[in-house]
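Asker: Based on the hints, put chain B in the right spot on chain A.
Protein chains in written order, with numbering that gives the first Met the number 0: chain A, 0 to 573; chain B, 0 to 273.
Simulated from the structure, these hints should not be mistaken for lab results.
Using N, Cα and C, we set each Cβ at its ideal position, and we do this for glycine too.
Keep in mind that a hint or two might mislead.
[To be verified] Capping the alpha-carbon separation at 20 Å, the derived lysine to any residue pairs in SDA-like fashion look like this:
1. B:K42 / A:E393
2. B:K11 / A:P436
3. B:K8 / A:E398
4. B:K42 / A:T435
5. B:K42 / A:Y400
6. B:K11 / A:T435
7. B:K15 / A:R433
8. B:K15 / A:D399
9. B:K11 / A:Y400
10. B:K145 / B:A160
11. B:K15 / A:T435
12. B:K15 / A:E393
[Unchecked claim] Just a few of them, taken from the derived set where beta-carbon distance is under 8 Å, the chain B residues facing chain A:
13. A59
14. F66
15. V253
16. A260
Here is what each chain is made of, one letter per residue.
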Amino acid sequence: MNSDSSSARALSVAITGSGGSGAVTAGLILLEAAARAGCYGLLTRSSGPQIRGGESAAMVRFGGQPLGCMGDRFDLLVGLDWLNVNRFADEIPLDGEGVILFDPGVGAVPPALAGSGARQVPLPLKEQAAAIDGGRLNMVALGAVGAICGLPREALAAGVERVLADKGGSVLEASLACVAAGYALAPEPFVALPAPGGGTEGRWNIGGNEACGVGALRGGVRFVAAYPITPASEMLEWLAPRLEQVGGSLLQAEDELASVNMIIGASFGGVPSLTATSGPGLSLMLEGLGLAVASEIPAVVVNVMRGGPSTGIPTKSEQSDLNIALHGMHGDAPHLVLAPLSIRDCVFTTQWAVELAEHLQTVALVLSDQSLGQSRVITEAPVRTPAPLARRVEEEPEEDYRRYALTADGVSPMTLPGVPGGIYTADGLEHNERGTPSSQAADHQAQLDKRLRKLEGFDYGPAWAELHGAGPLAIVTWGSTAGAVLEAAGRLEAGGTPVRIIALRLLAPLRRAALAEALAGAERVWVVEQNHGAQLFRYLHAEQALPAGARSLARPGPLPLRPGEIVAAVTATA
Amino acid sequence: MTVAALRAKDYKSDIKPVWCPGCGDFAVLSALTKALAHLGLPKERAALISGIGCSSRLPAYINAYGFHGVHGRALAAASGLKAARPDLAVLAVGGDGDGFSIGGNHFLHACRRNMDMTYIVMDNEVYGMTKGQASPTTGPDWMDSKMTPHGPGVRRFQPAAIALAAGAGFIARGFSGDPSGLTRILAAAIEYPGFAFVQVLSPCPTFRPDHRDWKEQVHGLEAEPTGNAVEAARILQADDGMTTGILYAEELPVWQPRNQASASIAEIEEEFRL
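Here chain B stands alone, though its shape is the one from the complex:
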């Protein structure tokens, strides 16, 4: 019996997203299902882990095992799952607040730990679920939040540059307005043997209507993806944050458990015997 090839719709669950009309995350959901279908990954062998926020609702909308946890800790839960179950394709997903603010420490250490997983951050430069506060990637002059009436006044968090500095081996940026480009990036990220970080520019039409401009601002990387970290650092430092594509890809040592059973518990307990 031949198994029918999986199609993108096979990865869609029957739960209706809570997202606002026009949310960029719809395109990420769609691109992700296409990437999974393209890779032919059996849906029960994939696990999507998330924290809290609009985009963190995504696992429920994918027909795969899912885990919707607490704010900021998606990468920690994903790391535990991958360490315990190396046979699974593990994807962590979430937003810019979840990943870079409350989860910032885990982001740094997931980059340098380099476990074989994919981390997709849907970056809309705003806290949508709590109704419009500044996030780490919000510009310093954004005046529309009641909580920061003078604007955040803080330099932006630079996800790609920070990921590089923290030791990530695969760094890419996609745009939800470019679904086919995003699908290619996501497929490459899932295939990458190590920690693959994908920042997706995913506009929030409700709280950041100004992001309609993103369609005009994004542009592809002019060069081939580099595997040279120094060159990547130069590109990312000069970057305007709107460059899409695979910005850096280099194979690095991957953390994995060295569990090789060699003794019984009774043998281990011998050390206590008088």
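Chain A on its own, in the form it takes in the complex:
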């Protein structure tokens, strides 16, 4: 049996079932077990919009090097039941090389899957589960998958103990027995995965929403106000108790309008603050964000994008909020837009966003998405970077203190409530240097200039993008799509086509000169993104940042962009 054709050393497994079947739990254990066996891994989950029941799938890909996307095809599909599996048919590409593992007792393999030509391996999963007190089919299936993939039994057991730690002794015991029974059922092993050298020391198992939470804490965020929304809620649920542990707090607001104004109020008080939301919530927050820009109060929003517009596809991913993030605020409102390039990078990018917002006294929008937020990865621990960028606070203001002073770099030292002699009124109305409302043209021009100057003139260093490779073929991408582009480039290079990748982390203000330098000499330029409107492509065109003849590969969600389709697109025009 072949492993994932996208990379000789990666294996893709999908575990599908109806809600409550334990597909995701089995996937989480598989990921942890593979990690303990020395593999890197990535788990994405797919579910419908229902709360209980419906469909549920965990897709796990593991291999010998870090993985930034799902592959083009699956090696193994495990059907815990077939109740809603038709909804997954196009998310889990199978072929004649693949294997479908199932219990005939749950029914024959449905035509949508059987038609792939994948080899069917029936196993008595149900029977084994029934023989164990408290036994469950998903755990038996997990044992069989572990054996097939060549995972050591101890790694599986450790995975069970880690993931089910809070379930209680009897559940744990029954699960371990089921895994052992399933392990014994395995018909034949898959290709064993080579573990990379160096062992698992220092690696993390972390989800993207949690990673943004870690970045927020590292960046100094100590107040969060938010309204729950899919797929951002896990970030808030993770942060609520942990903010308290570091001396901060989270307030569940009555709506998104309240959330954003609450964080602006808290930040006015001097506490770095953040909110997290998804598309519809971001729409509601835009007025407040304009206020933060005008009143120069730091504010950070992590927008975990989902399919849009409107309520769209809440549980699945898309990169279609770039336009609103760049252009949604009324008036001339320069601000920062950033996008993490991987789950691991959610830590750095969120921390950087907080620091930049604090230092530049402005708004930073972080465009994460569902495919990052609700996935987990086995990765090297994100490096702890010192936080050199803090808010410029005026602790001993002079008599003539001017909150919105027209400084050379555009950043004006800010006093915080409680500081004598620094009293001012922060204002979303246009104002003069003292903060007094003013509708005079000169004041408006001066303040607009200053708010732009502080963003345009700042030295963002090399973190504005991740650059890889060289050559006449250049691919510009952003955010989560970088993972698929990286893998596509690996294949192109293996086939003799060198590729240079420019994965944008800082989307606004656009680093035009740095981008021009990175694109210098490129003969063919592609812009790759996951949305219908080619939003980045159009933005770069508007900024005159693309050479003539640049092409767009823009495909909407919710299916993830796969490396194979990127390779196909850019080679078709070679």
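Answerer: Chain B only, in chain A's frame:
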């Protein structure tokens, strides 16, 4: 060295109000500075938060930290500030449109969240800044707005009764034509440990000249302030909207952050380690 007692004028900024001559908000500004002086609150430890509207300009006229935000969101910004900075005296101020129409949802939830802050609504039953449209507290038969030529035709919003139903623990009504009574109410509201709501009848001479009658219509509460919500509900349901004084005062659980640092970030990150 002894610190000189603060006087009302110490709380006045040097910015000239945009209000029309005769506006009731001048009296609110004056009463507020007197109340702050009476309480001896250091001016840098007070923060006034507002939304949009004539009365929402007030923070700029007070010599304290101020925040003039967007329409309807004063209570949200004030709540965030108080959660982050419990050491500050936080006051939200604004008008009837800002507080009860666009900000209505925040009003309900600020009442029930019961953070320790004061909310002063200068109620003139009209949108003054946009030149004379009906507000939630405008009567159904008021015919003077071009936007509602047949009158709003909608029942009035009942701020005090709604605040009570939403869970507020301190509800008072003042009148800008009674500055000393208003000063006493504001001082009590700022001292109250929780969300204190003060509706101030503050006439708009420009768009509601008929409110000259308010001087004859207002009357004090005949009984002592009640701490009984059922009794308060009875009083407020029977009320003509012109009763001034503290209408309800009861100490209720106050929302405050439970931030007690107990771990480092590095310790928290251990949960991800294999």
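Asker: If a hint holds in the structure, say so; if it doesn't, say that too.
Answerer: Structure-based check of all given hints:
Distance hint between K42 (chain B) and E393 (chain A) is fulfilled; the C-alpha atoms sit about 18 Å from each other, no more than 20 Å. The suggested pairing of K11 (chain B) with P436 (chain A) holds, with an alpha-carbon distance near 17 Å, which does not exceed 20 Å. A C-alpha spacing of about 19 Å is found between K8 (chain B) and E398 (chain A), which places the hinted pair at or below 20 Å, so the restraint holds. In summary, the hint linking K42 (chain B) to T435 (chain A) is supported, as the alpha carbons are separated by about 18 Å, within the 20 Å threshold.
A C-alpha spacing of about 16 Å is found between K42 (chain B) and Y400 (chain A), which places the hinted pair at or below 20 Å, so the restraint holds. The straight-line distance between the Cα atoms of K11 (chain B) and T435 (chain A) is roughly 14 Å, inside the 20 Å bound, and the hint therefore holds. A hinted pair counts as satisfied when its Cα atoms are at most 20 Å apart, and K15 (chain B) with R433 (chain A) qualifies at roughly 14 Å. In summary, the hint linking K15 (chain B) to D399 (chain A) is supported, as the alpha carbons are separated by about 19 Å, within the 20 Å threshold.
In summary, the hint linking K11 (chain B) to Y400 (chain A) is supported, as the alpha carbons are separated by about 17 Å, within the 20 Å threshold. Of the pairs offered as hints, the one joining K145 (chain B) and A160 (chain B) is violated, with about 29 Å between alpha carbons and a cut-off of 20 Å exceeded. As the CA atoms of K15 (chain B) and T435 (chain A) are separated by approximately 10 Å, the hinted pair is consistent with the 20 Å bound. Of the supplied pair hints, the one linking K15 (chain B) and E393 (chain A) is violated, its CA atoms being roughly 27 Å apart against a limit of 20 Å.
Residue-level restraint check for A59 (chain B) holds (minimum Cβ-Cβ distance to chain A is 5 Å; threshold 8 Å). Interface restraint check: F66 (chain B) against chain A, minimum CB-CB distance 5 Å, threshold 8 Å, status holds. Look at V253 (chain B): its Cβ only gets to about 14 Å from chain A, farther than 8 Å, so that hint breaks. Hint status for A260 (chain B): holds, given a least beta-carbon distance of 4 Å to chain A, under 8 Å.
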